[in-house]
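J.: These are the residues of each chain, in order.
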Amino acid sequence: MKKKQLITRRTALITGFTALGSYLLYRTVKSPAMPTYGSILRAGDNFTYEAQRALLSKRALAKEYSRGDITSFPAVGTIDPGDEKSPVFSKDYALTRHHDFSDWKLSVEGRVARPGQYSMADLQRLPVRTQITRHSCEEGWSAIGEWTGVPLSQLLQHAGIYPTARFVNFYAYDGYQDSIDMIDAFHPQTLLAYGMNGKPLPVQHGAPLRLRVETQIGYKSMKYLKRVVVTDEYVDPGDSGWAWYTGI
Amino acid sequence: MPPLPTDAIRPAPAGHRPWVKTTHWVGTISFLLLVFSGVEILMVHPRLYWGQVGNDLTPALFELPISRNYHHGGWTASQPFFDPARSPVSAGRTYDIFNQNGWGRSLHFLNAWVFVVTGLIYLLTALYTQHVRRNLLPGRREMSFRSVARDFADHVRRRVVFVKGPQYGVLQKLSYCVVLFFLIPVTVLTGLTMSPAVTASNPWLLTLFFGAQSARTLHFFCAVLLILFFVVHVIMIVRSGFRRHLRAMTIES
Chain Z
1 MKKKQLITRR
11 TALITGFTAL
21 GSYLLYRTVK
31 SPAMPTYGSI
41 LRAGDNFTYE
51 AQRALLSKRA
61 LAKEYSRGDI
71 TSFPAVGTID
81 PGDEKSPVFS
91 KDYALTRHHD
101 FSDWKLSVEG
111 RVARPGQYSM
121 ADLQRLPVRT
131 QITRHSCEEG
141 WSAIGEWTGV
151 PLSQLLQHAG
161 IYPTARFVNF
171 YAYDGYQDSI
181 DMIDAFHPQT
191 LLAYGMNGKP
201 LPVQHGAPLR
211 LRVETQIGYK
221 SMKYLKRVVV
231 TDEYVDPGDS
241 GWAWYTGI
Chain P
249 MPPLPTDAIR
259 PAPAGHRPWV
269 KTTHWVGTIS
279 FLLLVFSGVE
289 ILMVHPRLYW
299 GQVGNDLTPA
309 LFELPISRNY
319 HHGGWTASQP
329 FFDPARSPVS
339 AGRTYDIFNQ
349 NGWGRSLHFL
359 NAWVFVVTGL
369 IYLLTALYTQ
379 HVRRNLLPGR
389 REMSFRSVAR
399 DFADHVRRRV
409 VFVKGPQYGV
419 LQKLSYCVVL
429 FFLIPVTVLT
439 GLTMSPAVTA
449 SNPWLLTLFF
459 GAQSARTLHF
469 FCAVLLILFF
479 VVHVIMIVRS
489 GFRRHLRAMT
499 IES
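Going down the list, the protein sequences come from chains Z and P. Under the working numbering, think of the first position of the first sequence as 1, with each following residue one higher. Under the working numbering, think of the first position of the second sequence as 249, with each following residue one higher.
Think of the hints as simulated: they come from the structure by calculation, not from any bench. Keep in mind it's a predicted model, so treat the numbers as computed, not measured. Careful: at least some of the hints might be erroneous.
Below, in silico cross-link-like pairs of lysine to aspartate or glutamate (EDC-like), each with a Cα-Cα straight-line distance of 16 Å or less [unchecked claim]:
1. Lys91/Z to Asp103/Z
2. Lys105/Z to Asp122/Z
3. Lys199/Z to Asp331/P
4. Lys85/Z to Asp331/P
5. Lys269/P to Glu288/P
6. Lys105/Z to Asp92/Z
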C-alpha cells in the first residue's frame, strides 16, 4: 500500500508562495509609514516598496560607468529657480546665485545631535565620493553623468544622527519637498553632489547642491537643496499623485 | 431508458477547468490595463533607443508620433560639458510636455503585480496538473511537417472549427507556448531591467538585455507581439464559435 504523503511538493510550493504573499501583504498593511490616501494606486506603490525592500539587496551598488560613457544630459523640471519668470522663482536663490553661492548654506536639522549650517567649504571638507552612474527619468529617458559630492551617510553621521531616525527630508529653493528612508539615506551611492562631470554643478542641474539617489528613479534626486531635516516619523506632504518610492 | 454514460463514453468536457477560467480572466483584465497604462507611459517619451542610455539629446532608434511630445523642439541652447567639439551636452527643457505618468506608472506596476502573480499561479498549476504536457506542448506526431502544414492550410482556408475542451490545434499550441514560455517572461524581465533598484541587485539583467534602454525597446516589441497575439486570439475565437468559446471559458463546466 502506498504511503500517503503528508507534505507533497505541491502543498510545499503552495504553502511557500502563500506565506511569501501573506508576509508582503502583512508588511504593506502593517507598515504605518506610508499613507495610501484611500487610493489603490498608492497602495500598489506601498506594496512595491515593501516587496523591493524584502526581496532586494539593501547595499548593492548601482552599475557604475567609465568617463567615456558619459552622455548628453537633459535638464528637466525646474531649470532655474533664480529666474523671475519662473513659477517657482525664489528671491533667496537669485541672491545667493548672484554671490556665486559664497553665502549659501545647507541647514541640517531635526533628529541630530548637532544641527547646523554647512557652507560649501564645510561640505567639501567631509569625505568625497565620485561616481559615474545612470540617471533614469520616470518619463523613459536616461543619461550617464559623473557626480562628485559627500555621501549623505557621512553628513548624517557628522551631524550625529539619532538611532531612532527613520526618514531624511529634503527641502529645495524651488519649493520641492521629498523624503527617503534610512536604507536609501545610508546607501553608499546616495550623495549630496556639488560637482557634475568634473565641474561645479551647473544651475540647470541643481546648483549648488543636489541629491543623488542611484537606486531610485530620477525625480527622487532633488535639485537646489536648502534644508535637510531628519525625522522619526514620515512627514506627510499629501498625495502628490506620484509614487513616493520609485525603485521601479 | 438509455443507459447512463460511463467514464469510457462520456464526452469530453466542454468547459475549461475553474483555475484556467479564473487565471484567464484575471490575466486578461490586468493585461488590458497594462497595455492601457503602457501606451500612456510610451506617449510621455515616444522615443526608443538601443544600449545603456538614451534621451532627447542623443540619437534615437526610432520615434513614434503618438503624442505632442513627438519631435518637440523645446530646448535651451546646448552647453558642452567638456572642451572638445564632440563633447556631450546639456540643455534645459522649455516645452510643457504631455505627462500623466503619476497614475500611469503606478497603474502599470499595480497590474504588473496582479499579472505576474496570476501568471505564476497558472504556470505552477498547469505544470502540476499535467495541463502543460497534455494540452499545451505539441506531441512529436503533431510537429511533423505534414501536420503543421495541414493546420496552416486549415487556418488559411478558414476551416478551423470549435473543438470541445482544451483540445488545441498544433499552431494554437505553438502560439500559446511561445506566449507563455517566451514572450511573457521576456516582457516581465525587460520591464524589471528598467528598475534602478532591481538592476542594482541584479546587474546581470543589464548584460542580458544589452542595457536598460535596449530592455525598454525590447519591452515595447514584446508588448506589440502580445497585442498581436491578443487580436489574433480574439479573431480565432470569433471565427470558430464565439458563444461556445465564451461559455466554455465561463459558465460551462
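J.: Look at each hint and say if it fits the structure.
T.: Results of checking the hints against the structure:
| no. | hint | in the structure |
| --- | --- | --- |
| 1 | Lys91/Z to Asp103/Z | 14 Å, holds |
| 2 | Lys105/Z to Asp122/Z | 9 Å, holds |
| 3 | Lys199/Z to Asp331/P | 12 Å, holds |
| 4 | Lys85/Z to Asp331/P | 31 Å, violated |
| 5 | Lys269/P to Glu288/P | 29 Å, violated |
| 6 | Lys105/Z to Asp92/Z | 11 Å, holds |
Comparing the model with each earlier hint shows violations of hints 4, 5; every other hint is respected.
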